[in-house]
Structure formats: C-alpha cells, structure tokens
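K.L.:
In case you want the letters, here they are:
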Amino acid sequence: MYILRRTSGAALALTDEHEAIARPRKGEIHWDELDVSAFAAAELDEAAELWQDRAVQEMHSLALFTELTSQLHLLGAPLDWSGAFARMIADEVRHTDLCLRMCEALGRPAAPEIDAARLHLLAHASPRAHVRHTIVAAFCIGETISGHMFRRALKAANVPLAREVVAAIVVDETFHGELGWELGALLMRSDGAEFAAERDVLAGELAPLFRHYARLCGAARGPTWARSEPEVAAGANFGTMTRAGYARAFFDAMESDVVPGLVAIGLPEAEEAYAALVDEHP
Amino acid sequence: MRSHRLNRLALLTQGAALIGLGMSALACGDPPHVNAPPKEPVVAPEPAAAPKPDHMNAPPPAASASPVASGSSSAAVNVLPPGTPPRVPMHVNSPPKPPPPAPTKP
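First to last, the protein sequences are chains Z and A. For the first sequence, this note's numbering begins at 1 and goes up steadily by one. For the second sequence, this note's numbering begins at 1001 and goes up steadily by one.
If you're looking for bench data, these hints aren't it; they were derived computationally from the structure. There could be a bad hint or two in this list.
Here are some chain Z residues pointing at chain A (derived, C-beta under 8 angstroms) [to be verified]:
1. T134
2. L179
3. W181
4. S190
5. A193
6. F195
7. A196
8. E255
9. S256
10. G266
To list a few chain Z residues with every Cβ distance to chain A over 12 angstroms, as calculated [stated by the list, open to error]:
11. R25
12. W31
13. D97
14. I141
The model shown is predicted, which means the values in this text are computed figures rather than measured ones. Backbone N, C-alpha and C fix where the C-beta goes; we use that ideal spot for every residue, glycine too.
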C-alpha cells in the first residue's frame, strides 16, 4: 500500500511537465474561486469523499492503460496505437490530478491509499486475446458507461468549480469512447481460424461482463427501478448523482451504445446477453 | 449510437488483422541499441500465477458468484456494509481480470 501524492514536493522539471500535461485540454479551471464558507461542513466532507474515490478510480484506469500500452509493441500494433495510448495515459494522469486538486480546493486534501496488488494488471506479454478482451471490457463497455455517467454528472453539478472539473474530464472521455470503439473494431479483424475461436470465447464472456459492470454501477435492481427514481438529489451538487441515477446511466449506455456497438463490431451475442441481464432484474 | 457510426465501426472490422502478426528476428550485425539494457539469460516462463482472489476488479468465477460475495478479507476492504449505497460506482471502467489458464497436465 502507498499514499498517492500529487507531486514530489520540490521545484523539478518533471513536476513542471506534469502540470503542463495535467492542464485541461479545453477551458480553464478557477481553483481559487470556490468559497468553502458557503457550504456546510458535511456537504464539503461528502464532496471530498466523492472526489477522493474518483482519484482512486482514475489511478486504477491509469494503471490499466499503462499496462495495455506495454503490450502494443509486443503484439505488432501500428505506431498510431502507441500514440493514442500515450494520450490516454496523459488523460488519466490529468483526471487523477484534477480529483486530488478538487479535494484540496474543498479544504480536505486527499491522501488516498493505493494497493498496488489491486491495480488491474495484465499478465506479462499477454496474448492478443487477453488484450482484445480487456479493450472490449474496459473501453467498449467500461469507458462508454463512464462517459455517460460523467456527462450526466456535468448536467447535475451546480457548483461552478465542480462543473469546470467535470467538464474537463468529459472532454477526454469523449475521445476515450471514440478510441475504444475504433480499437475494438480493429481488434475484431479476422486472420483465420484462431481468431474465430478467440471471438467465440469473447462472445461467451459478454454475459458475465455485463453482470460485472451492472454490479459496479449499482444497477442490480434493474432498469424499472433505476428509471423510476430521481437521478439527482436536491441541494449543492459537486458532480454526482443518486444511486438510481448511476444505474440509469448504466442501462441507457448499454442500450444506446454498448449493445449496438458490440453487434456492429461482430459480437451479435451482445443482444441476448443484455436481454438476459434485464430479465434477471427487470 | 447513430447508424452512420455503427456502419463505420462495422467497416473497420474488415481488412487485414493488425496485431498478433509476430515479430521478425533481428538481422545479424544490427548495431546495438544505445538505451537497451543488458539482456537477462532466457529462462522458461513460469506458469501464470493464479489471480489474487476477490478484488473489486476480479472476474466472476465460473459459477457467476460475485467477487464481493466471496467473503474474503481482501474483498471486505472495498465492500460496503449492507444497505450502504456506494458514493460513486467503483472502478466503472475496470474490467474483470481474466481467469487463469487451465493447469497443464504432466
């Protein structure tokens, strides 16, 4: 376990370069304009917990994308994949940094613990089937759902600083979605019988993958419940939704983007897998 | 997803596969790479270790039990008490870990 720190604490060229990477790709963030005295301590505590949790999530994404990047040159991927992943890694550095800075702005600097053993780690020199599975899972499904959630969190946020931070993340999430689907499609190009076997295995993994993400998104109670409850609670909103709101984002993302996209790239089994998920908890 | 985007994705799946094509061997006499560390002696790879159990990002086992429900102490770190809603979905874009390969028969 280690405590995640933003910077090395000295005037270093590496920190300057990091700050340049961590700046939002579009827009500005006015860190000094949040008046914490306008909020109750409990509101600020809850907001800081939200953003610290997000910092840990983004750090996990950073680890996963770095691991994937380490496989590309072993699998013979074209150079533009490495370029695109370099951007992805930079984006996750930015997101982690934004979340930590948000906690500082709330007057509650975060010191999240990271358990390196729990970071998602691909096996060394993963075969392409594992890379394909991870990209379909993490990007086609995971990033697509995450993008939906952040766009809704942006609509929900009514604290200006939180809106600016979430907006910066949404800019990147849009590209992540595009990249994920492009990679997913390119990885579904066949080179013969070996690919066909890999495809069939991946198709069989869709149902457990959908259940996995439904669980992560608190969607186990089903779409009827998710769509009948308020998405957002009343009061100051630092960029979050209710549990039903997150669950609704999951179902909407699955129906509008994930399932049609997986079908388009050659996994028609996605429709049956999603129908089975909904049947379990209508 | 709009139909033109779906059509574009479908078209992208056509064409030659881009990865898993293997790497050609280096020709004899290639100049050494300046920033290449000395190579370790080649050893046979060890069998892949079983994934650590019960991570939040762990895949569901074959019986589709939730990793959260497994009851191990490592899962308990990230398991919320019953009835406590998660503040935010945990690791939304974290895929489950793939299951370990089947053991090789002697």
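K.L.:
Report holds or violated for the interface hint on S190 of chain Z, using the least CB-CB distance to chain A and a cut-off of 8 angstroms.
P.N.:
Holds - the Cβ of S190 of chain Z comes within 8 angstroms of chain A, reaching about 7 angstroms at its closest.
K.L.:
Beyond 12 angstroms from every Cβ of chain A: is that where the Cβ of R25 of chain Z lies?
P.N.:
Nearest chain A Cβ is 19 angstroms from R25 of chain Z, so the label holds.
K.L.:
Can W181 of chain Z be said to touch chain A, with a Cβ gap under 8 angstroms?
P.N.:
holds, 6 angstroms
K.L.:
Do the numbers back the hint for T134 of chain Z, that is, is its least Cβ distance to chain A under 8 angstroms?
P.N.:
holds, 6 angstroms
K.L.:
When the nearest CB of chain A is found for E255 of chain Z, is that gap smaller than 8 angstroms?
P.N.:
Violated: closest Cβ of chain A sits about 10 angstroms from E255 of chain Z, beyond 8 angstroms.
K.L.:
Is the nearest Cβ of chain A still more than 12 angstroms from the Cβ of W31 of chain Z?
P.N.:
Check passes; 22 angstroms lies beyond 12 angstroms.
K.L.:
Just to be careful: measuring from the Cβ of S256 of chain Z to every Cβ in chain A, is the smallest value less than 8 angstroms?
P.N.:
With a minimum Cβ separation of about 6 angstroms from chain A (threshold 8 angstroms), the hint on S256 of chain Z holds.
K.L.:
Report holds or violated for the interface hint on G266 of chain Z, using the least CB-CB distance to chain A and a cut-off of 8 angstroms.
P.N.:
holds, 5 angstroms
K.L.:
I141 of chain Z: least C-beta distance to chain A exceeds 12 angstroms?
P.N.:
Contrary to the label, I141 of chain Z does not stay out of reach of chain A, its closest Cβ about 8 angstroms off (not over 12 angstroms).
K.L.:
Against chain A, does D97 of chain Z hold up as non-interface, every C-beta pair farther apart than 12 angstroms?
P.N.:
Given a closest Cβ separation of 18 angstroms, the condition holds.
K.L.:
Holds or violated: is there a CB of chain A closer than 8 angstroms to the CB of A193 of chain Z?
P.N.:
violated, 12 angstroms
K.L.:
Against chain A, run the beta carbon of L179 of chain Z and see if the smallest gap drops under 8 angstroms.
P.N.:
This interface hint is violated because 12 angstroms lies over the 8 angstroms limit.
Hint compliance for this structure: hints 2, 5, 7, 8, 14 are not met, and every other hint is.
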